[in-house]
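Chain by chain, the residues run as shown.
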Amino acid sequence: MQSMSFLANEPADLSAYAPLRRQIRQFLSAELARSGSAGWVGSWESFDRDFSRRLARQGWLGMAIPKRYGGHERGILERYVVLEELLAAGAPVAAHWIAERQTAPLLLRYGSEEQREFFLPGITRGEYCFAIGMSEPDAGSDLAGLRTRATRASGGWRIDGSKIWSTNAHRVEYMIVLCRTGQETQNRHAGLTQFLVDLKSPGIAINPIRNLAGEHHFNEVAFNNAFVPDNRVVGEVGDGWQQVMSELAFERSAPDRFLSTFRLLVELIRTLGPQPDRHAAIALGGLSARLWSIRLMSVQVAALLGQNESPNTEASLVKELGTTLEQEIPEIARLLTASADPDSALFDALLEYDILHTPSFSLRGGTREIIRGIIARGLGLR
Amino acid sequence: MNTTAVLMQDAVDKALTDLLTPKRRQKAELGAWYQTLWPVLDDLGLPGLLLAENSGGSGVSLQEAFGVIETLGRFALPCPLAETIMANKLLADNGLGSTAHTFTLAPARPGDTLRLRLAADGAYLNGVARAIPWAQQVDAIVFTALTEQQPVIGLIESVGSENIIRPGKNLAAEPHAAIRFDDFFINRAAIAEIKDITLVWRCGAMLRAAQISGALSAALALTVGYTSERRQFGRPLAKFQAIQQQLAAFAAEATAASTAARRAFPLIGSNHEHADFAIAAAKIYAGRAASQGAAIAHQAHGAIGFTEEYSLQRLTRRLWAWREEFGNESWWAEKLGQKIAAHGADALWPTLCADFNC
Numbered sequence: 001m002q003s004m005s006f007l008a009n010e011p012a013d014l015s016a017y018a019p020l021r022r023q024i025r026q027f028l029s030a031e032l033a034r035s036g037s038a039g040w041v042g043s044w045e046s047f048d049r050d051f052s053r054r055l056a057r058q059g060w061l062g063m064a065i066p067k068r069y070g071g072h073e074r075g076i077l078e079r080y081v082v083l084e085e086l087l088a089a090g091a092p093v094a095a096h097w098i099a100e101r102q103t104a105p106l107l108l109r110y111g112s113e114e115q116r117e118f119f120l121p122g123i124t125r126g127e128y129c130f131a132i133g134m135s136e137p138d139a140g141s142d143l144a145g146l147r148t149r150a151t152r153a154s155g156g157w158r159i160d161g162s163k164i165w166s167t168n169a170h171r172v173e174y175m176i177v178l179c180r181t182g183q184e185t186q187n188r189h190a191g192l193t194q195f196l197v198d199l200k201s202p203g204i205a206i207n208p209i210r211n212l213a214g215e216h217h218f219n220e221v222a223f224n225n226a227f228v229p230d231n232r233v234v235g236e237v238g239d240g241w242q243q244v245m246s247e248l249a250f251e252r253s254a255p256d257r258f259l260s261t262f263r264l265l266v267e268l269i270r271t272l273g274p275q276p277d278r279h280a281a282i283a284l285g286g287l288s289a290r291l292w293s294i295r296l297m298s299v300q301v302a303a304l305l306g307q308n309e310s311p312n313t314e315a316s317l318v319k320e321l322g323t324t325l326e327q328e329i330p331e332i333a334r335l336l337t338a339s340a341d342p343d344s345a346l347f348d349a350l351l352e353y354d355i356l357h358t359p360s361f362s363l364r365g366g367t368r369e370i371i372r373g374i375i376a377r378g379l380g381l382r
Numbered sequence: 001m002n003t004t005a006v007l008m009q010d011a012v013d014k015a016l017t018d019l020l021t022p023k024r025r026q027k028a029e030l031g032a033w034y035q036t037l038w039p040v041l042d043d044l045g046l047p048g049l050l051l052a053e054n055s056g057g058s059g060v061s062l063q064e065a066f067g068v069i070e071t072l073g074r075f076a077l078p079c080p081l082a083e084t085i086m087a088n089k090l091l092a093d094n095g096l097g098s099t100a101h102t103f104t105l106a107p108a109r110p111g112d113t114l115r116l117r118l119a120a121d122g123a124y125l126n127g128v129a130r131a132i133p134w135a136q137q138v139d140a141i142v143f144t145a146l147t148e149q150q151p152v153i154g155l156i157e158s159v160g161s162e163n164i165i166r167p168g169k170n171l172a173a174e175p176h177a178a179i180r181f182d183d184f185f186i187n188r189a190a191i192a193e194i195k196d197i198t199l200v201w202r203c204g205a206m207l208r209a210a211q212i213s214g215a216l217s218a219a220l221a222l223t224v225g226y227t228s229e230r231r232q233f234g235r236p237l238a239k240f241q242a243i244q245q246q247l248a249a250f251a252a253e254a255t256a257a258s259t260a261a262r263r264a265f266p267l268i269g270s271n272h273e274h275a276d277f278a279i280a281a282a283k284i285y286a287g288r289a290a291s292q293g294a295a296i297a298h299q300a301h302g303a304i305g306f307t308e309e310y311s312l313q314r315l316t317r318r319l320w321a322w323r324e325e326f327g328n329e330s331w332w333a334e335k336l337g338q339k340i341a342a343h344g345a346d347a348l349w350p351t352l353c354a355d356f357n358c
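Sequence lines, in order, name chains A and B.
My numbering applies: residue 1 is where the first sequence begins, and numbers increase by one.
My numbering applies: residue 1 is where the second sequence begins, and numbers increase by one.
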């Protein structure tokens, strides 16, 4: 079965990166100490430009970007090691996350030479931050139903419409906006184009949407005749859908899709102590077994990406399992500590944060139902 | 996968497809597996799969052999070939010889401990090991036992009917029995010291993880095939989202189980400090996926999948049987959880990232 193809691969060997891991762990310890808190809460949703810049100065941003664009041209697996260490620590990577993980590969694959030269060095330095402009009020899972339109103007295009759920649009420099540029025809995937939009441009209004935890991450971004120059079209006009599909494969295969609540699991272990009761031991063993297995799959997906394959089904398999695990960890943590007094502010803070955020794990980057649909396609059912 | 492994798996695949006609399968399942199946399996060199070539084996590594064991699971092979393959390797690794053809492994249930009393003239075995797969039908048993000194691995080639108690069948109607020994005499030449009493247990667990992986893959393929053909309400079942969503979940769990089992299988002989973590994770995931996969496969098949005649049951009943053998999810998870708690919260991440270099 094609979707199982990565099973038969030799397991990717990350042992060469042990020294790199040690370095990152030391850096993160120092960063945590510097932050003055017992632990990072908010995981990879925490936006900290200074952290991103310090990470960049260590050479840990832009690792998969070629040297000629200011990157470090290290391998995908080496980069994977850096990513997973950051996520396992709960480091505040949100500021550079989209730029580094989605925008950079997009530009490397589809961008013009000028765009690469303009954006990639800044992304590598942690200075150019990006948001995603895909979802709309009437187009979420059904992204092809989007209505934001870009019409040709002199020297460029004018964008009209609105995007929603644009995480951090209010505090980044650029947004990649997926627009309809062609006529609506039978093929809903045709006639879509992506644009690199400078959010300081006139005609753009950014309005906050608070999530149920009271945080301002999401935004609604309204475009009213906003101008984008020709040299900010990504790739070819009309190629937007194909670009988005390949971006999503990258996005879905990263280790953030199973490590969002890992910090809570670590603090749960600390809270339960060295001799937990039978019930707790079984729960810990079960969760850890799943983590180990899912991480293995995630590494294999990274290896496939590194071989220039498009492991959409494999990445979806990881996301399906990973987000389910992420959601179960807070549930198990609360049940196991019901009659205990954790006496740990960090545990309490993580538990509260994770419970409030659990719905989002199986919604963001493709809902569970959509992801399962992709797997079903890989099985030949659709 | 390297070429040897691929070629071997293809050969086994083809041979089993030809061998397991409905008639032969039925005969085998009624107990005549040795006459009906074994000559072909022998011809393929399968019992000696893990033996060195200069010992008459196929010289295949554990990593390469995983795919073959998985294939045995995929075909729901109704005979103790997996056990025999592993027993032969264990004997060779520990300098023990045997002329037996068919083997099983003991212990197979948690807490069952055999004890060996060493004496001048030999050794005396005591204890009960429950639900040993195929015990009443094989030539020999490879077991581990505690002694007053080092644990040992040993071979019994002359199990008498007085040692077979509570003969029965597992959920897949495969024979198993408890074996009991009261000062059962064993020659010194039939035992060897080992470091770890859990050696056979770990090997058995990883065989089952591999077999479960294969059976899951077959059950998924069967279910995809069935739902693609069977039509209701004007279209194939596979076109309904409700079915697609369930099969996707099945595929995800099966893939994880398989990935874990493939990674852990070669670690059964490893001294690596985290090998036990991997082995535990693989057996736990195998059990989890077996349970979820069997349930979804049956649900998607409707009533026909619940019949004896339809082939799903030969896979799902083995999934239900195999997940219990050599420690179920709960047993392994408790051990793993205890170890994780003992090593402390900050050791979890480094352990999860451990590289095995094999």
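Just so you know, the hints here were simulated from the structure itself, not pulled from any lab data.
Be aware that one or more of the hints could be misleading.
[What the hints assert, rightly or not] Distance condition first, Cα-Cα at most 20 angstroms in a straight line; then the derived SDA-like pairs of lysine to any residue:
| id | chain 1 | residue 1 | chain 2 | residue 2 |
| --- | --- | --- | --- | --- |
| 1 | B | Lys339 | A | Ala153 |
| 2 | B | Lys239 | A | Ala56 |
| 3 | A | Lys67 | A | Asp50 |
| 4 | B | Lys339 | A | Leu336 |
| 5 | B | Lys339 | A | His279 |
| 6 | B | Lys239 | A | Arg377 |
| 7 | B | Lys239 | A | Gly380 |
| 8 | B | Lys239 | A | Leu336 |
Keep in mind that this is a model prediction, so the values were computed, not measured.
Evaluation of the provided hints:
no. : hint                : verdict
1   : B:Lys339 - A:Ala153 : violated, 66 angstroms
2   : B:Lys239 - A:Ala56  : violated, 48 angstroms
3   : A:Lys67 - A:Asp50   : violated, 23 angstroms
4   : B:Lys339 - A:Leu336 : holds, 18 angstroms
5   : B:Lys339 - A:His279 : holds, 14 angstroms
6   : B:Lys239 - A:Arg377 : holds, 11 angstroms
7   : B:Lys239 - A:Gly380 : holds, 10 angstroms
8   : B:Lys239 - A:Leu336 : violated, 41 angstroms
Hint violations for this structure: numbers 1, 2, 3 and 8, all remaining hints satisfied.
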